[in-house]
Amino acid sequence: MREMIKMVVVLTVLSTLSGGLLAAIQSSTQERIDSQVLKFVKGPAIQKILEGATNNPVSDRFAVPVGEEEKNFFVGVYEGKPEVVAFETKGSGYGGDVGVMVAVNVKTGKIHGVSVTTHNETPGVGARVETHEDFKKQFKGVPIGTETKVKKDGGEITAMSGATLTSRAVCTAVRRAGDLYGKLEPQIKEKLSTFSG
Amino acid sequence: MAKTLAQEFSKGLWEELPPFRLVLGLCPTLAVTKSVENGLGMGIATTFVLVCSNLLVSLLRNVIPAKIRIACYIIIIATFVTVVELLMQAYAYPLYLELGIFIPLIVVNCIVLGRAEAFASKNAPVYSVADGLGIGVGFTLSLGALGAVREVLGEGTFYGMQVFGSSFEPFTFMVEAPGAFVCLGLMLCLINLAGNR
Numbered sequence: 000m001r002e003m004i005k006m007v008v009v010l011t012v013l014s015t016l017s018g019g020l021l022a023a024i025q026s027s028t029q030e031r032i033d034s035q036v037l038k039f040v041k042g043p044a045i046q047k048i049l050e051g052a053t054n055n056p057v058s059d060r061f062a063v064p065v066g067e068e069e070k071n072f073f074v075g076v077y078e079g080k081p082e083v084v085a086f087e088t089k090g091s092g093y094g095g096d097v098g099v100m101v102a103v104n105v106k107t108g109k110i111h112g113v114s115v116t117t118h119n120e121t122p123g124v125g126a127r128v129e130t131h132e133d134f135k136k137q138f139k140g141v142p143i144g145t146e147t148k149v150k151k152d153g154g155e156i157t158a159m160s161g162a163t164l165t166s167r168a169v170c171t172a173v174r175r176a177g178d179l180y181g182k183l184e185p186q187i188k189e190k191l192s193t194f195s196g
Numbered sequence: 000m001a002k003t004l005a006q007e008f009s010k011g012l013w014e015e016l017p018p019f020r021l022v023l024g025l026c027p028t029l030a031v032t033k034s035v036e037n038g039l040g041m042g043i044a045t046t047f048v049l050v051c052s053n054l055l056v057s058l059l060r061n062v063i064p065a066k067i068r069i070a071c072y073i074i075i076i077a078t079f080v081t082v083v084e085l086l087m088q089a090y091a092y093p094l095y096l097e098l099g100i101f102i103p104l105i106v107v108n109c110i111v112l113g114r115a116e117a118f119a120s121k122n123a124p125v126y127s128v129a130d131g132l133g134i135g136v137g138f139t140l141s142l143g144a145l146g147a148v149r150e151v152l153g154e155g156t157f158y159g160m161q162v163f164g165s166s167f168e169p170f171t172f173m174v175e176a177p178g179a180f181v182c183l184g185l186m187l188c189l190i191n192l193a194g195n196r
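Just so you know, the sequences run in chain order A and B. Read in order, the letters of the first sequence correspond to residues 0 to 196 in numbering that gives the first Met the number 0. Read in order, the letters of the second sequence correspond to residues 0 to 196 in numbering that gives the first Met the number 0.
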């Protein structure tokens, strides 16, 4: 009995200390990690989908409060008009959340492009989503708010072969982007009008 | 304790050199040694985990009940691996992107658990740190060497710098997965030849 109690106590104390240490490190590095992600992952993804924009979309951004958090929107200026906003949503993939940057043309209400930011998908399978342009091109021009689904689920999107879960995650993220955009459209348009380009 | 501190350290550099003499820890050895930088980065991350977990396991060796020792070691190791992951995200993000899933996989690296079970649980903290450091440095150098051979042959570069003239046709097979096996096999062969003299 004594041995049993000792085992429970040792494991509990050890796990608690471990949790405490990790929480401390997590909260002290969070800010730095966010800025690194912005620089190395979101930055290139934003530049890629807002290709041809005449401004710097990474620095031209505004925040809109969503619930308790703030959501960043990146602005793309085309032909002198700030018409495209890009923002990130998430869908659940095979190895956790897949972050997807969705760019929407505010004037036409159509998707300007999508690009994957953070993910933990299997190398060579789901991770191909990074470079699989044919898959991502399917979202281009789709009206925002459309119920995007892979063909297996009765939708229009052809999944990447062997990576249905990852493809589904991207569709989910795009659907969520639609929901979010629907909710925030007035605020987004208002903020956009302050950008002269 | 017959061996001196220096001997505990130096055995990791030759006698018990992890990938080449013990043929342990092959998963990261094969997977991440596409370049010198990746190999060294992985080695340093593993060394950090190895030293910290050896120290803690050794300090707690009289507290941890024998029946649940493995569970305790895994908690300790997993904690330090997560610490490494967070620090790497905060301070070396491009390297983190390259190594990706192989950083969390250090948890199940048999070298780390092996040293905790075989050495740190039976020896004083100072010796355990020396042991961890020795094995870690040996592992780092091995990964660096393997990475160097593969990078020079496969990409024609060393640490990102061009080593051959532009007429050099890179032997891309070397940076693919099968090339890792072939390269490791040849290096094992050479090291065994040298060791058996």
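Since the hints were derived computationally from the structure, they do not count as laboratory data. Here the structure is a predicted model, which means the values were calculated and not measured. Hints are not guaranteed to be accurate.
[Claimed, not checked] For each label pair, taking beta carbons as the anchor points, the in silico distance ranges come out as:
1. Thr107/A / Ala176/B: 55 to 63 Å
2. Pro103/B / Gly66/A: 25 to 33 Å
3. Glu168/B / Glu68/A: 49 to 57 Å
4. Leu16/A / Ser166/B: 20 to 28 Å
5. Pro169/B / Thr107/A: 43 to 51 Å
6. Tyr90/B / Glu2/A: 57 to 65 Å
7. Pro43/A / Phe180/B: 28 to 36 Å
8. Lys5/A / Leu21/B: 49 to 57 Å
Idealized CB from N, CA, C, for every residue including glycine.
Structure-based check of all given hints:
Between Thr107/A and Ala176/B the CB atoms are about 45 Å apart, so this pair departs from the stated range of 55 to 63 Å. In this structure, Pro103/B and Gly66/A meet the distance hint of 25 to 33 Å, their C-beta atoms being roughly 30 Å apart. Distance hint check for Glu168/B and Glu68/A: the Cβ-Cβ separation is about 52 Å, which falls inside the suggested range of 49 to 57 Å. Checked against the hint of 20 to 28 Å, the C-beta distance between Leu16/A and Ser166/B comes to roughly 58 Å, which is inconsistent with it.
At about 45 Å, the beta-carbon gap between Pro169/B and Thr107/A stays in the expected band of 43 to 51 Å. The hinted range of 57 to 65 Å is not satisfied by Tyr90/B and Glu2/A, whose Cβ atoms lie roughly 43 Å apart. At about 33 Å, the beta-carbon gap between Pro43/A and Phe180/B stays in the expected band of 28 to 36 Å. For Lys5/A and Leu21/B, the Cβ-Cβ distance of about 34 Å falls outside the hinted range of 49 to 57 Å, so the restraint is violated.
Comparing the model with each earlier hint shows violations of hints 1, 4, 6, 8; every other hint is respected.
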